[in-house]
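**Student:** Given the coordinates of chain L, work out where chain R should sit on it, guided by the hints.
The primary structure of each chain is shown beneath.
Protein chains: 2
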Amino acid sequence: MKDCVNIGLLGVGTVGSGVLHVLEGNAAEIAKKAGCKIEIKKILVRNKQKAAQLGKKYAVTDNFEDIVNDPDIDIIVELIGREHPAKEYIASALEHGKNVVTANKDVLAKYGKELFPLAETHNVDFMFEGAVGGGIPIIRPLKSCLAANRITSVMGIVNGTTNYMLTKMLHDSMDYDDVLREAQEKGYAESDPTADVGGLDAARKLVILASIAFNTRISLDDVMVSGIETLKLCDIDYAKELGYTIKLLAVAKHDDEKGITVCVRPTMLPTSHPLAGVNDVYNAVFVEGDALGQAMFMGRGAGSLPTASAVCGDIIDVARNMVHKSTGRINCTCFDEKKLCRLEDMLSPFYIRLHAEDRPGVLAAIAAAFAAQNVGIKTLIQKQSVGDKVAELVLITYHVSELAMQLAVQTLKGLPVVKDVCSVIHVEDDSVE
Amino acid sequence: MKDCVNIGLLGVGTVGSGVLHVLEGNAAEIAKKAGCKIEIKKILVRNKQKAAQLGKKYAVTDNFEDIVNDPDIDIIVELIGREHPAKEYIASALEHGKNVVTANKDVLAKYGKELFPLAETHNVDFMFEGAVGGGIPIIRPLKSCLAANRITSVMGIVNGTTNYMLTKMLHDSMDYDDVLREAQEKGYAESDPTADVGGLDAARKLVILASIAFNTRISLDDVMVSGIETLKLCDIDYAKELGYTIKLLAVAKHDDEKGITVCVRPTMLPTSHPLAGVNDVYNAVFVEGDALGQAMFMGRGAGSLPTASAVCGDIIDVARNMVHKSTGRINCTCFDEKKLCRLEDMLSPFYIRLHAEDRPGVLAAIAAAFAAQNVGIKTLIQKQSVGDKVAELVLITYHVSELAMQLAVQTLKGLPVVKDVCSVIHVEDDSVE
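Line by line, the protein sequences are chains L and R. Read in order, the letters of the first sequence are residues 164 to 596 in the working numbering. Read in order, the letters of the second sequence are residues 164 to 596 in the working numbering.
Source of the hints: derived by calculation from the structure; they are not laboratory data. This one's a predicted model, so the numbers in the text were calculated from it and none came from an experiment. No residue lacks a Cβ here, since even glycine has one placed at the ideal position from N, Cα and C. You may find that some hints are simply not true.
To be verified - Covered stretches of chain R (chain L as the covering partner; in silico rule of three or more C-beta atoms under 8 Å from a C-beta of chain L):
(1) 187 to 194
(2) 296 to 304
(3) 310 to 319
(4) 445 to 455
(5) 459 to 470
(6) 488 to 494
Just chain L, same shape as in the assembly (with noise of 0.2 Å):
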């Protein structure tokens, strides 16, 4: 039996610190729930400054060669991020029968296909529980727990960034480049937010999770994204007022007859729905399964040690494979090819929020236009004057198509007597019948 399982750690950023904190401050529990000693053999280090720090108490190299190589290694633990050079050392990696365990969502998102493939053929394990919701256990327990489920529908809010921002300009009535200006200097946000801000690091996230979920490769393409670059305070408000709080929701359901939905972007959800009250950094998945019901899982979905949480759970799962000579347990999942939904079969309600010209008959012309595309009207509210002779107009729809909705819009925006069809949001919210 294998006394001892050894790491070649890629990158000591942000999480590859808290995953040697973590290893070596819990190493006598986490030997025990192992069943062998982890050791940290080798680190793959850029960084000189860091290389001559850490190499007082691990052996550093900055040739990747030196890892892969080594006979002794097990476990490989890629911890760079973005897409180059790590996936390439993951291939690498596993084409050299390597465990490997990541969090990079990136890699996985756009070559989990690519790499899935050498897992399985070296028999070897490939874990990334800390690519989606940081430390929240999300992945395993979709492979594992609840893998007597047809999952329906797996919704997130999976980007921390974003939810604290939302969070303050709910809370404070911040507007969204203030929010912006702070989050960057809380450090909440990179200098460069576009991933975050844009619903394309959600969209990654989203992609792992449904791809398990559903037992199908989705990949990037096929996700809608929009962010919350261009929500406005005044729609956070209405929403509130109407019981609604927006999140940017990355939601993917499945339906056996349309096929799945991918979707990234602002959401309301009705104030009473679990996934409302996820606050600040804070992540939460929301899983529906036809067994199970509804499941909620939240916790930090970032950070040095939350994410070192998860890595370091995958690492202790290895071993205990390594011991049990079962590496390759659990492979990829995605056994089925599952079509997309269509725009026409996507249906919920819809938030829109326009301004037209204050006067009788307006009113009229644009229930004409949403009547001529079958769009049914729940709530509309006009508010206040918005400039001479304009008004605010705010409705919920009934649930529509988004080919119908997206035709509507087409046409208000043709309508003289519309200035400006100022924001489409979509709502999710079963009770909108």
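**Tutor:** Frame of chain L; chain R shown alone:
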């Protein structure tokens, strides 16, 4: 490689019939995930009518020996419930080298210590995800995903009956007796509700959670248990006024110096705490770990299909282990022996409601009784008069020890001016320093 895993199912009550439903309905997907077919080989049924019904589709028997001695049966799924003969069946199954899946919290809480070594000796799996929190993944996350953490606390709403009742009391201002009657009519409470309302059911689940979280064997005797039977509507209302919600909370905490605390009791939680918003029959478990930070798992804590979701997840996991010849991969994790915390070291704020004479000097006498035990008062509210010259007082203390509180209450009860100490309720609130 094994191409079919055979199950012997003991009991087809609520959960057992759910398991049949899930294994049948999702058979194709389950086989793909498990890596082999999963079939029900034989069912133990005592009820002759049910046996006749099932007999058209499955092989049934009323003799456990037929199952445990069947060499083709790989997994025995125990869903009879209660202690006996379930415990003897599980022990016999393990001794016969069968893997066991159960949702039986009664047996696990009381006989875990006896049963886990049997599983280890025979190198088989013994899984029980359904024993706590129904369909909510919590056992496997604690044993795997969070394994790298030192868990510092686990707090759960793990009894749906009492959570339903408390929610009704809070939202509909119903008295305990009325709400119990309604819960019984709706089938949410049993005709003998003692184990639920008295906290024993929650205590059993806490024993299981705490043993795993702290890697030390906790027994039922270690748990301080009090139920909701004596909880008054007015305490729920006062709590709300003070910014708290009362939940029947199962709390396990570990402090390196002081040791382990395990309690089930009505507890006041700040309304902002994620557990405070978990209502109706929903369950939730809130976990804190040194790396993880805080995380919460929420979902349906009972019922046929949610519990079957967990049981079938375990079955799939055992099947994967059989395919990879790695049964016994994760066994008992109670490798430590941690001490229990003493009453004088258990610190928390308390809520107290008492009736006292309504005249000058009384408050001074009461304050002196608290001061004698070094109990600091944070909030004191004199409420309405409750009889001839008798006033109702409600107060919240700073953090004091369980022992000091008990002594202070004894002193109070001995004061001539104090008519009654009506309620003493534990408060879970770190902001009351």
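**Student:** Examine the segment 187 to 194 of chain R for residues whose CB is less than 8 Å from any CB of chain L, and state whether their number is three or more.
**Tutor:** The restraint on the segment 187 to 194 of chain R holds, since 4 of its residues have a Cβ under 8 Å from chain L and three suffice.
**Student:** How does the segment 310 to 319 of chain R fare against chain L when you require at least three residues with a CB closer than 8 Å, holds or violated?
**Tutor:** holds (count 4)
**Student:** Apply the coverage criterion to the segment 445 to 455 of chain R and chain L: a residue qualifies when its Cβ sits closer than 8 Å to a Cβ of the chain, and three qualifying residues are needed.
**Tutor:** Holds: 4 residues of the segment 445 to 455 of chain R have a Cβ under 8 Å from chain L.
**Student:** Taking a Cβ-to-Cβ distance below 8 Å as contact, does the segment 488 to 494 of chain R have at least three residues touching chain L?
**Tutor:** Holds: 5 residues of the segment 488 to 494 of chain R have a Cβ under 8 Å from chain L.
**Student:** Are three or more residues of the segment 459 to 470 of chain R within 8 Å, CB to CB, of chain L?
**Tutor:** Holds: 8 residues of the segment 459 to 470 of chain R have a Cβ under 8 Å from chain L.
**Student:** Quick check: do three or more residues in the segment 296 to 304 of chain R have a beta carbon closer than 8 Å to a beta carbon of chain L?
**Tutor:** holds (count 5)
When the structure is compared with the earlier hints, no violation turns up for any of them.
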